[in-house]
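Taken in order, these protein sequences are the chains called Y and D.
Letter by letter, the first sequence follows residues 1 to 350 of the working numbering.
Letter by letter, the second sequence follows residues 351 to 645 of the working numbering.
In short, the hints are calculated from the structure, not lab data.
Check the hints yourself; a few may be wrong.
Here are the simulated DSSO-like cross-link-like pairs (lysine-lysine), alpha carbons at most 30 Å apart as the crow flies [unchecked claim]:
(1) K531(D) to K643(D)
(2) K343(Y) to K437(D)
(3) K636(D) to K235(Y)
(4) K343(Y) to K15(Y)
(5) K643(D) to K343(Y)
(6) K643(D) to K505(D)
(7) K342(Y) to K437(D)
(8) K437(D) to K531(D)
(9) K437(D) to K636(D)
(10) K342(Y) to K15(Y)
(11) K636(D) to K505(D)
(12) K636(D) to K343(Y)
(13) K505(D) to K481(D)
(14) K636(D) to K531(D)
(15) K15(Y) to K437(D)
(16) K437(D) to K643(D)
(17) K15(Y) to K643(D)
(18) K643(D) to K342(Y)
(19) K636(D) to K342(Y)
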Amino acid sequence: MKSSKSDALKFFNFKALIESLIAIFVGFLLGAIVLLAFGYSPVETYYWLFKGALGSTNGIASTLAYSTPIMLTALTFAISARTGIFNIGAEGSFYFGAIAAVIFTNIWGNMWFGLAMGMLLGALWSLPAAFLKVYRGVHEVISTIMLNWIAWFFVLWLVVGPYANPNDPNKTIRIPESARLPLIGNTDLSIAFIIAVIASILTYYLLWHTVFGFGMRASGINPRAARYGGVNPNKAIIWSFVIGGIMSGLGGAMKIMGEPPTYAISQGMANVYGLGFDGIGVALVGRNHPLGIIFAAIFFGMLRAGTPLMQIGAQVPLEIIKVIQGIIVITVAIPGLYDMIKKALARGEA
Amino acid sequence: MDLGSVISILITSLMAMVPIVLTSVGAVWSERAGVVSIGYEGVLLMSAFFGAIAAEVTGSGIMGLVGGIATGIIFGILHGVLTVYLKGDHIIPGIGINLLAMGVVPFGILAYWGTAGQHQVAVTLWSWNTKYGKISPMVFVTIAIAIITWWVLFKTPLGLRVRSVGENPEAADALGINVEKYRFWSAVYGHALAGLGGAYMSVAWLGVVQKTMSAGRGFIALANMVFSGWNPLVALLGGWLFGFFDALAAWLAPLHIIPGQFILMLPYIMTLIIVAGIIGKARPPKWDGRPYKRE
Chain Y
1 MKSSKSDALK FFNFKALIES LIAIFVGFLL GAIVLLAFGY SPVETYYWLF KGALGSTNGI
61 ASTLAYSTPI MLTALTFAIS ARTGIFNIGA EGSFYFGAIA AVIFTNIWGN MWFGLAMGML
121 LGALWSLPAA FLKVYRGVHE VISTIMLNWI AWFFVLWLVV GPYANPNDPN KTIRIPESAR
181 LPLIGNTDLS IAFIIAVIAS ILTYYLLWHT VFGFGMRASG INPRAARYGG VNPNKAIIWS
241 FVIGGIMSGL GGAMKIMGEP PTYAISQGMA NVYGLGFDGI GVALVGRNHP LGIIFAAIFF
301 GMLRAGTPLM QIGAQVPLEI IKVIQGIIVI TVAIPGLYDM IKKALARGEA
Chain D
351 MDLGSVISIL ITSLMAMVPI VLTSVGAVWS ERAGVVSIGY EGVLLMSAFF GAIAAEVTGS
411 GIMGLVGGIA TGIIFGILHG VLTVYLKGDH IIPGIGINLL AMGVVPFGIL AYWGTAGQHQ
471 VAVTLWSWNT KYGKISPMVF VTIAIAIITW WVLFKTPLGL RVRSVGENPE AADALGINVE
531 KYRFWSAVYG HALAGLGGAY MSVAWLGVVQ KTMSAGRGFI ALANMVFSGW NPLVALLGGW
591 LFGFFDALAA WLAPLHIIPG QFILMLPYIM TLIIVAGIIG KARPPKWDGR PYKRE
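The following block holds chain Y by itself, in its conformation from the complex:
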């Protein structure tokens, strides 16, 4: 067992890393072609993008702040992927985490209470898909997508109805000051980032250094063999949904409790929408490895944090970033990318 464990790490370090870097490169390259096609300068666009993301303390703080929620939703996808499941449901648990923070911190203005309730509601929302999978054989892609939409409309109703801000129709009631996450230094970055990194490391530890995590990974690789080895794959699947739901719920709660100056869910749920889907891209680029996800999330956060300056400096719509992210994910989906390029290079040399 020992040797296969270090093999898995080695695989992550070299081939997977290079494949992710190639995907990122292809994303930027095709992004540049799209920019050229619409008459923008790619060089100028990318210059302002990276200057915005890394050129100042505020830029770096903003990069890390943007990386926080997608790090957690990426963990949701990665944990289940390791168990052999495609859990697309991070989005729904994220909405419930966010609304839980709004509801419960206004009952008791305590930060830990808000985070705990966010995790609880996120986990609860992951259960229907888990039970449907295990007891009814329903494919999790279908059920989680449906649950995301149900969550969307339900939380939207809470946002515009019972929890709308009577003084500001553009958002929900705010997180009371006593429950807001402390900020780091003189920036807008809250301790949410540190909590997300700790969550990633804990997930890594759980999956690779505990018997429980070994069981989860074993049932992901071969459920029949896992059953023979004394692991119950159904149990592993349910736990992977629950832990995933906890992560996204935590992400949703921290997004609202740790993001100045709003500390509320904004109109049309604009500040909580899409972070679950972005997390899937982060997980894929991070190769479903919790430690890879930390870096992939910071990279995606960088792309997002650089957009305000990119819009001002190069007048490029911020959606170009989504185009680049989409291309990166499609490129990651090419199997054996590393071997293909190696073969092509060898042919070129010969």
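Mind docking chain D on chain Y? Use the hints.
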């Protein structure tokens, strides 16, 4: 509810069923051959956008539909190459296509028309305007496509071969059927129909391009495919049912009887109940989503 409202809801439900039915029927064909895609949502959105451009550039609504089909075919080829020939995962490229659409369409609307979020399409497809609402000829084209697809899939040798590569590729291979070829072109056909459905939304039905206009219809179509038991004729009926919910929600919303969000939730809850097997157990083709490698 008076008779006029009933007729109006029924007509709207026929218009609303088109993108869902076309996508479902395409997905049924593709999955019967063993290719799973969850990228239809993104294909619907992108073909609505590129279809509108094609209509405006050529000045023809029909060419708009052709532009949508072409968009679908491009993504069908991409998905087919990745899953059939490179034996890659079937879910991940779909996620990528959906993410890509979430960028391409808002970026494209802004970069091409210079307006944020929404564009009124200048050239649209002709339709009958009745006092209860408009009916597009595409409603009948859609019904015809569903029936023809069912007939080809279940009553012709071509359909038999398509189903055999999804059900038992080893046997099909032994009989000399080119599994990869049938799977690849099935994926292309599935995405092409979604492309037609997407262009219909912008060019024939809503007359606008919006960054959120697919509104989950690609996913509803997948649910409808499961509901149909991978049968194009049942998918036609199921697609109409979803169209009916759509129309009913739009009719009920201004009345404020119950919050609009709860009506919009209904199709998704119904789908969950259906896939949970409470109404009927669905069984996918045996080799659905599994890459076939010749031994």
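Could you work out which earlier hints the structure fails to respect and list their numbers in ascending sequence? 12, 13, 19
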